[in-house]
Amino acid sequence: METIKDIINTLTAPEILITLAAILLFVSARYRHLFYTNKVALILFPAMFVFMAISMFDEDFYLIVTKPDNVPIVGMLFLIPFFTWLSMREAVRNDKRTEEGAPLIEKEETADKVLTWPDLVYTELIAIVLLTVLLVGWSILIPAPLEESANPAATPNPSKAPWYFLGLQEMLVYFDPWLAGVVFPGLIIVGLMAIPYIDTNPKGNGYYTFKERSWEIMTFLFGFLILWVLLVILGTFLRGPNWNFFGPYEYWDTHKLEALVNVDLSDYFWVRLLGMGRPDNILVRESVGFLVVLGYFLVPPMLLAKTIFKRFYENLGPARYHIMVFLLLCMASLPIKMVLRWLFNLKYIIGIPEYFFNI
Amino acid sequence: MSKVNPPRPAAKRGEPADAGRRSFFSWMSLAWVSFTASMLAAGTATARFMFPNVLFEPPLTFRAGRPEELQVGIVDERFKDSNQVWLVRDGGGIYALSTTCTHLGCTPNWLSAEQKFKCPCHGSGFYITGINFEGPAPRPLERFAIDLADDGQLVIDKGRKFQQEKGQWELPGAYLEF
Amino acid sequence: MSQLKDLLSNLSPAKLGEAIQKSQIYRSVFRVGVPVSDRKRMLVMLGNVFLHLHPVKVRKSGIRLRFTWCMGGITFFLFLVLTFTGLLLMFYYRPTIEYAYVDIIDLREQVPLGIMREIHRWGAHAMVISVWLHMFRVFMTGSYKPPREFNWGVGVILLVLTLLLSFTGYLLPWDQLAMWAITVGSNMARATPFAGYEGPGANLLTLGENIPLISSTSDARFALLGGTRVGEMALLRFYVLHCVGLPLVAGFLMAVHFWRIRRDGGISGPL
Amino acid sequence: MSSETPNGGTPKPAIPPPAKKDPALNISQRGDRLYTDNGLHKWFAISSLLLFVFTVWMIVDDYNREWRRYQRGFTRLSVLQTELDRQAAAGAIDVAAVNALSAEIEAARVRIAENAATLSEVESRLEALNDEFYSTNQAYLFARAEYDVERYDYEEAVANDPENAEPLRVIAENRLADINQNLEDVERLQIAIEETTTELDSYIGERDRLSSERDGLVAEATQLEAAIVTLDPGLIRTSIRNAPILDFMNPSETVNQIQLQNLHYDAPFLQVPRVDRCTTCHLGINDAAKDEWQQPFTAHPRLDVFVGADSPHPMDGFGCTTCHAGLDRAVEFSRAGHVPDNAEQQAAWEDQYGWYLDHFLETPMLPMDRIEASCLKCHTGAGDVPEAPALNMGRDLIRTYGCFGCHNMPGYEEVRRVGPDLTTIGGKLDPEWVKKWLADPRAFKSEARMPKFWFNSNNGGPEFEARNNAEITAITEYLFSRSQDDPLPAAAPAGGDVGRGQALVESVGCLGCHAVGPIPDDPARTQHRRRFGYNLASQGSKTSADWLYNWVRDPRAVWHDTNMPDMRLTDAEAADVAAYLVSLTNPEWEAEAFPELDEAALDEVTLEFLRTGSTGIQAQEALAEMTLEEKIMTTGEGLVARYGCFGCHVIEGFETAQPIGTELTQPGSKLLNQFDFGFLDIEHTRTEWYAAKMADPRIFDVDRVKRPEELLRMPDFGFDEEQVGAIVMILTGLVKDQVTPDMRNDLTADIEAGRGLVAQRNCRGCHEIEGAGGDIRSTIADQGLWPPLLNTQGAKTQPMWLHSFLQEPGEETLRPWLSARMPTFYLDQAEATVLGKYFSAIDNAPYPFIDTAIATTDESLTAGRELFELAQCNLCHPAGDQMPDRDAADLAPDLGLAAERLRPEWVEDWILDPQAIAPGTRMPAFYIDGVSQLPGILDGDTPGQLEAFRDHLFLTIGNGERAEDN
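Protein chains in written order, with the working numbering: chain R, 1 to 359; chain F, 1001 to 1178; chain P, 2001 to 2271; chain G, 3001 to 3966.
Calculated directly from the structure, the hints in this document are not laboratory data.
Warning: the hint list may mix true and false statements.
Derived pair list, reagent style PhoX-like, types lysine-lysine, alpha-carbon separation capped at 25 Å [said to hold, decoys possible]:
1) R:256 to G:3837
2) F:1158 to F:1118
3) R:160 to R:306
4) P:2022 to P:2005
5) P:2015 to G:3706
6) R:211 to R:347
7) G:3377 to R:256
8) R:113 to R:39
9) R:113 to G:3706
10) R:67 to R:256
11) R:67 to R:203
12) G:3693 to P:2040
13) R:96 to R:256
14) R:211 to R:67
15) R:113 to R:256
16) G:3377 to G:3706
17) P:2005 to R:113
18) R:310 to R:160
A few chain F residues facing chain P, derived, Cβ under 7 Å [said to hold, decoys possible]:
19) 1045
20) 1053
21) 1056
22) 1059
23) 1060
24) 1063
The beta-carbon is built from N, C-alpha and C at its ideal position, and this holds for glycine as well.
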C-alpha cells in the first residue's frame, strides 16, 4: 500500500503529471474509437470512484479532499472527464455515421420539431427542482467554511487564491505576475472571444464531431483540460505550504524544502557559454533574450505559413492567420516555459527586474 | 427522463385514453401537491429567516442603583437614553415609567417647570404619574415592573409592563412601596 | 339538502379546477388557460414574458440532455438562486471589518435558516463549474460558429463576470481564507503593465526625473481595493461590486445573451 | 434549423392548422413528442417529493440545534425541583392556623352581612363622592390648562410687547383666583373620600386583613405552584411556542446572551464587543441552588468570586469568555471551543458530544488547570493574585529565575537582574568553584537557581565535552580577569560559634526567606516563599567565613543592590552566623576537580568568534598570532555575549547590552505559525510548544543538523512538571486582549503596586497578608512566637505610624517577646507610601489622615478603667511601664503604643470579637454573640462598654487626644 502511495506521490509531481496528462489526451484522441466508448466509461468512472474511496482512508488525502472549499474540485474531478468522454463519444459516433454515409445523430431528428411546452419547459422545471435538491442537500451536509477572522499580520501557509484562479497562481510559478496575472488572463479572454473569427471551418456547426475539426478540438482540449483544469486541480490538491509540491498522500510539512534555484537566460549565455561576466548595460545583457522572444513570435509564423500551416494561411488570410498564430504561440509559451524550467532551471528569458520586465 | 416515445399508430379520433388519464392525474397531482408544499415550506422558512433568535438591544432587566439615590418628586432621567425608563419617587415609593408616548411612540420631554411630560410629536401631555391629560394620547404611559434586589439595588424588568387603564397599576410589581 | 349535496359534489378537485379556470381573475392572469391543445401551447409560449425566451417549437435533438447537458439553464437558475439567497443574506451582513466576521458567525450560530449562506456559497461554486461546462459544450458542438459568433463573445464576458462575482463574494466573510485569497488574487493587479506600480513600464511614467506617477496609491490595485492593502475600503468596494455593480452588468448581458440565442436560431444544430 | 434562417432572421412560429392534428388526441401518444407526459409527470413528482423532503430536512436540521436539548432538560429538572420545593412548602404550612383564620374570616363575613344595609349606604355614598370628585377635578384641570396659556401669554407679552402686558396679567390673575377655588373644592372632596373610605374599612377591613394573613401563610406554596405553571404550561403550549418556524413568537427556548460593551473579542486591529452566549446551555450558572446539578446546568463553583451579582466579577459585567476564552457567540459544544482537561475527559466528550478541536479557533477555552492565566488580563501588576495559587507560583518562578533578564516582559522592565553582581566575583569565589558550578550548578546544591548552559540535550554528547570545558574555562577566566576586588569592609572576628549561629539562623527570621537544604514536599504550598532567598546548603564549600561575616552583618555594604534586608545582627552574632554557614559543606563536590583546558577545543571556539566579520582565512591567521591568554579573553567575552550572562548578572562592559532572548510581551497571542516545532512529535499548539520548551529548552534541536554556534542557547532550569505548568500558564496568559479601564475600577493602582512590593520583598515569607503567606510558621513550633498576621492591617494601624515603622522597624520593639525580628528593608519614602496605601485600600480604610481625636465623657473613662481591670488586660499586655510577670512567649503587644499606632474604631471591633479578625488568637473574647459578660458596668451596654475600653486605652493609657465635647 505504502509503495503504491509512494508511486502515486511521485507520479503526481507537476512535471510528470502534466506530461502524462498531455500524453493521455493525445493518445486517447488518436485511438478515440477505442477509448471513448461506453465500455471504457463503465470501467473508468467506477474505477476512479473506487480509487477515491480507497484513498479516503489515507489521512492526508482525506484532509485535503474534505476541505469544504475543495469539494467543488472533487466534483470537477469527475464532471470534467465525464463530459469530455461524453462529447468525444458523441463525436466518434457522428464521425462513424458520416463515414458510413448515414445522417448525424442530431440530423436524424432535426426535421422533427416538438412544442416547447411541455417538452422543454417541463424538463427545465424538473432540472431546476433536482438542482435545488442537490444544492440543499450539499448545504445541509457540508457547512460553509469559516476560518479565523482576517489578520493582515498572519499569512496562512499556503495562501491560495479562490480555486478557479489557481490555474493562474500555478502559472505564476513560471511567469512573472504581469504576464501570468494580467497579460495572459487578458489574452485568454481575448483569445476565447476571437475563436469564432479565427475558426473559419464551416463544418461541425451544431453537432459533435472530431474528425471534421480535430485541430480546433485538440487545441481547445489542451488549453482547457491541461492548461486550466489540470492546473486548478494541481494547485488545489498538490500545492502545500510555501507552494511546495506535495503528493496526494503526503503530509503537508511546513518545513519541507525544495531546491528552487534557477538562472536567467542571460546567465546561460554570457557566463556559461561565453565564460564572461554579464554586461552592465541592460539592453546588451538581455539582447539574447530579446532576440529569442522576438524570434519566437516572428519566425514560426513565417515558417509555419510555408509548411504545415500552409492550408490555414491560405484559408484565413494574413490578418486572421497572424492573430491565430500569435495566440497559439502565447498558449504554447506556458508549456514551453514549464519544460525549460523543469529541464534547465531557466528563470527568465528576458530578466529586467529593474523595470519589472521579466519574461 | 423517459425514453423517446417511439412513433405509435395515431389513436383513433375521439378515443378517450382512460387508463393513461388516471395515472396521468395521480402522478400530476402528486407532483404539484408536493411541489406546492415545498414552495410553501421554503416560503415560510424564508419568512422565519427574518426573525433572528437573539436581539442586540440592552437587556430587558437592568439594575438602576439604590432607592436612596432618588429624590422625592424628582423625575430621574439617568436611564432615559440607555433603557428608555424614567424613575420617579413619590411620597410612598418608586415607579418606573416607560418613555414611549402611548400615541405614536415618540419620547416625551419632562418639563419640570410645568410638572408634566410633553410629547414633541403631537403635543400629548402626561402628569408625573404617567396619566395622560391633554393632547391625542389615548392612555397613560406604561409602567415597568420594579423590585428591590438582594443587594439593595432597584431592578427594573421591562419585560413586564403595567397599564393603568387595565387597572394593572394596582398589581404587585408596578409600584415599589417604600 | 340536495343543494348542499350538489355543492359538495361540485367541490371535487376537477370541478373546483374548472370553476377556478372560468373565473375572471384566473383568465385575466393566465390568458390562455390550461395548455391542452397545440394552439394553446403555442399561445402560452408567446404570451408569457418569461416563457417567450423560448421559441414555440424546438428541435428534438436540440433539447436532448445528451446534446445540451442543460448547463446554460442551470447556470441561469443558479444565478437566480444566488440573487435570492444573497438578498436575504444582506439583511444580516454589515460590510465593515468590525462586524463582517461576527455577522457570519451569527448566521451560523443563531440566525434561523442561516443555511442560506451555505446555499449561497455552494451555489456560487456550482455556477462557476456550470459556466465552464456550458462553454465546453458550446465549443464541442461548434455552436460558436456563424451566426453565433457575437453571442459567444457575450458568453465569454459573462464567464469573466461570473468569476468576478465569485471573487468579490469570497472576501465578504472576512476570515483568513477570504482575506488571503483576495490578497493573493488582487496582488496580480499591481503587476499590470504601466498601470500597476510593480508592473513593467510603471517607472517610466514619471514627471521629469523623479516624480513618479504610479505608486501603490495610484495604481490598478488601488482602484480595486481602495487602499494599499485588503482593508475596510476593499471590503466595502467588493461588497458594492458584489451586490450591485456586477449583478447589474451580468443581468444586462444575460438579457442580451438570451435574446441573441433566439435571434440566432435557438439551440444550435446541424444545418 | 431547417425552418430558421441561419443569418439570425426571426423564425415565424407557424401555427399549424388545427385540422392536421387533433388537439383532443392524447398528446403523449403523438409522434412529435420527445417525452411522454406521464413520464414527465412521474419525474416531476419524484423530484418534487425529493424537494419537499429536502426542504423539510433543511428546516428540521436548522431547527434541531444542540442547545434546545439542554434547555428542555433544564426545564424538566427545574420543574421537578420546584415540585419538590412546593411539596416541602405545602408540608410546612401550619394547617391549624390556616383553619383558624378561615373560621375567623367566616365570622367576619357574617358580621358584614349583618351590616349589609349600612354597608351599601356607605358604598353608594363613596361612589357619589367619587363621581363628584371626577367632575370637579376635571373642571380644575381645564381651568388649570387655561391658566397656563394665559400665564404664558402674559410672560410672552412682558418680553415682547410690554405696553399691552397689563391686561393679560389681570386676566391670568383672575383665572388663578378661580383655580384656587377649584382646588379647594377638589381637596375638600379628597378629604371626604378619605373619611368615607375609612368608614367603609371599619366594616370590611378585618375580613381583608384576615384574608391576606391567611394568604401569607400559604404564600410560598402558592408562588411555587405558579412557578411550575410558568415553567411548564403544558405540553401543547410548550410545543407550539417552540415549534419549528413558529418559534419566533414568544418561544421559551431561546439563545441567551450577555452583551459586554466594555470587553472585546480581540480581532486584529479592531475590537468587537463580546457577546457571550454561554448561558444558552449553562442555564444554572448564576444560581447557587443548582450547585449539585450536572453539567451544563451546574452553578459556578465560586459564585462568591465569579459570576455572582455580589462578587467582584459579576456575570453581567464580565461575561464568561473573558476568563474562560472560547468563541463567545458559539452555541455548539465544539465550536464554542471547549477544551478537555485530560485524555479521560476528552474520550468522554468525544463520546458524548462528538467533540473535536476547531483548529480555526484562535482562542479555545483554557483547561481548568490553566484558567488562572486569564487573571493576567486585568491583574497586570507583579504581585500575587488572590485565589490563584498556580498563577502566583508562575510569577514567583519568573521573579526568582529572572526570565525577564533575557526576554522583554511586560511589568518587569524596572526589576533588577536576579543574579549576583559579577564585577566583584574575585572577592567572593574562586575560579575552580565557578567552573564546576557552571558545568552543573545543581550538583552543588539541588536547589540551585543558576541554570545549566552546558551538557544539555543538544550539547551533552561526548563530542562536546572538550568544547564545553573550554567554553566554561574561558568564561570563568574572563570574569575573574575583569573582577574589581574591593577589600571586604571588615574581617571576621575569631570565635564564631556554630551552634549559636545555627540557633540565630533558626530564630531571628532568616528562615522566612531561606531554607537549609531541600524543602520537604509541600503540596499545600505553605513553604514555597522560603525559596525566595538562596538555599543556604553547601555555603561552606563556596565562600569564605570573612565574606559571609560581612554579608550577614550588613548586606548592602557588600552589594548595594541586594534584596537581602539588614537583620540588625551584632558583630558577634554575625560571626556566629558566618561560622554556622561555613560549616555547611558539600564534601562530594569538593572532591571533584574540573578538567584541564583542551587548547584545540578552545581554538575551535575562538575561531568561531574570529570568523564573524572576516573570512575564514583571515580568522585562521589571526588565531595563529594569538596567545593563550588572548584566546581566552576573546572567547570569554564572545561567550558572555552569546549566552547573555549579563541578563542576570552585572558584568563589566555589558551594562547596557540588549537582552538576547525572544521578546515575550504577548506570548499568549503569538501566532502558531511563528513557532518552530522542528521535528518534535508533539501537538502543534502554543501550550505544547511552551511546555516542551520549558521542560527542556534545547528540545527543538532534536534531529536537527546544526553547527555548534547555531544550537539553541536557552539554558536548562531543571523545572519540574508543576513548575513548567505554572510558567506555561503565565506565558499563555499574556495575551493582546485589551481591557477597558472601567473594568478595573475595583482593582486600583494602589492595590496592584502594593501587591507587587509585597511580592518583591517577600513580606509573606513571615506575614499572612490577604489571607496568604506566613511561610516561616512551619519552622516555628510555638504559635505564640509567630510573626503577626497582617490581614486587617489597613483597618488596624494608623498610616502615619505604619509609614515610619516600615522605614525604621528597629526603632521600637512592639513585641519584645518575639525572637524573630522585623528586618530593616531600607524602604524609601515612596515604597513605604505604597505599602501604606495598599493596606488601607484592601481594607477600605481612609488614608492618609485619620481622626484620632476621641469624644468621650468622664463616665466612660471611669467605666473603661473598671473594665480594664475586670478584664485583667495587664495580665498579658504590657502597658507603658507595667510589665506582666509572664514568659515572653505568652505576652501580648504593648498597649502604651496604642494611641499612636491603632485606629480607634478597630479597637472596638477587636475587643468585640478577636476571633473574627485573627482566627486562633489568644486574645480572650469578652462578648459572646455581642452580649457583654460584664453586665455590671454601664448596664451591660455593649457599644458603651466598647467605647469605654477604647477611651481608656487611648486617653488614659495612651495619652491620646480628646475631642471637643459638644
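Cross-check of the supplied hints:
| no. | hint | verdict |
| --- | --- | --- |
| 1 | R:256 to G:3837 | violated (58 Å) |
| 2 | F:1158 to F:1118 | holds (22 Å) |
| 3 | R:160 to R:306 | violated (45 Å) |
| 4 | P:2022 to P:2005 | holds (22 Å) |
| 5 | P:2015 to G:3706 | violated (91 Å) |
| 6 | R:211 to R:347 | violated (39 Å) |
| 7 | G:3377 to R:256 | violated (38 Å) |
| 8 | R:113 to R:39 | violated (32 Å) |
| 9 | R:113 to G:3706 | violated (79 Å) |
| 10 | R:67 to R:256 | holds (21 Å) |
| 11 | R:67 to R:203 | violated (44 Å) |
| 12 | G:3693 to P:2040 | violated (82 Å) |
| 13 | R:96 to R:256 | violated (52 Å) |
| 14 | R:211 to R:67 | violated (41 Å) |
| 15 | R:113 to R:256 | violated (62 Å) |
| 16 | G:3377 to G:3706 | violated (39 Å) |
| 17 | P:2005 to R:113 | violated (48 Å) |
| 18 | R:310 to R:160 | violated (44 Å) |
| 19 | 1045 | holds (5 Å) |
| 20 | 1053 | holds (4 Å) |
| 21 | 1056 | violated (9 Å) |
| 22 | 1059 | violated (16 Å) |
| 23 | 1060 | violated (18 Å) |
| 24 | 1063 | violated (26 Å) |
Of the hints listed earlier, those the structure fails to meet are numbers 1, 3, 5, 6, 7, 8, 9, 11, 12, 13, 14, 15, 16, 17, 18, 21, 22, 23, 24, in rising order.
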